[in-house]
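Undergrad: Sequence:
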Amino acid sequence: MSIKQYSEAQLKELAMIEIAYELLKENKTSYNYHALLKLVAEAKGLSEKQVKERIAHLYTEMSMDGRFVNIGDNNWALRSWYPFDQTEEELSQTNRARKKKRDEDEEAGIFEDEEDFDEFEDLEDELDELASEEDSDLDEDDDEMDDDVEEDIDGDEEDDL
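Numbering that gives the first Met the number 0 numbers the first residue of the sequence shown as 0 and each following residue consecutively.
Please keep in mind that the hints were generated in silico from the structure rather than gathered at the bench. Careful, some of the hints might be misleading.
What the hints assert, rightly or not - Cut-off 16 angstroms, straight-line C-alpha distance, at most; resulting in silico cross-link-like pairs (EDC-like, lysine to aspartate or glutamate):
no., residue 1, residue 2
1, 3, 47
2, 43, 7
3, 51, 41
4, 11, 21
5, 43, 64
To be verified - If you anchor each label on the Cβ, the simulated ranges turn out as follows:
no., residue 1, residue 2, range
6, 25, 48, 19 to 29 angstroms
7, 129, 41, 20 to 30 angstroms
8, 3, 77, 43 to 53 angstroms
9, 123, 80, 41 to 51 angstroms
10, 27, 124, 26 to 36 angstroms
On a predicted model such as this, the values are computed, not experimentally measured, just so you know. A virtual CB, placed ideally from N, CA and C, is assigned to each residue, including glycine.
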């Protein structure tokens, strides 16, 4: 049944997830989540405050409902439009492209901001200092433990005689 065939009263009673499903099915195109939410809100006659209160609710329902699939970049479509393997491939390609670009920038020494590089250097220096302190503390503890073991051994020998 098309969204246009529902009366205003029926749309107000219909769950947001069902309206989202009908809109996707009717228009046969994927939507950015916020655009879809806006269409659902218009169909239900929701106020801006009501939309803000329910924004996460619809997203959660769509994530859990097997009829919907997030095809990347916050775009949603109906799972029935895509073979399962194709959908997974699209998702992984989007994520791989971003990761590959980030890795290439890192290898080339390109940072978004010179401040990011400075912060990274400062953090690395702090971690080196902490590691050096821990190593010296461990060396001191080892020396103290060796002394304690020697005293115990000497004490045990006297008791045995």
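Undergrad: Does each hint fit the structure? Answer for all of them.
TA: For each hint, the structure was consulted:
no. : hint                          : verdict
1   : 3 to 47                       : violated, 22 angstroms
2   : 43 to 7                       : holds, 8 angstroms
3   : 51 to 41                      : holds, 13 angstroms
4   : 11 to 21                      : holds, 14 angstroms
5   : 43 to 64                      : violated, 20 angstroms
6   : 25 to 48: 19 to 29 angstroms  : holds, 27 angstroms
7   : 129 to 41: 20 to 30 angstroms : violated, 56 angstroms
8   : 3 to 77: 43 to 53 angstroms   : violated, 19 angstroms
9   : 123 to 80: 41 to 51 angstroms : holds, 47 angstroms
10  : 27 to 124: 26 to 36 angstroms : violated, 56 angstroms
Against the hints set out earlier in the document, violations occur for numbers 1, 5, 7, 8 and 10.
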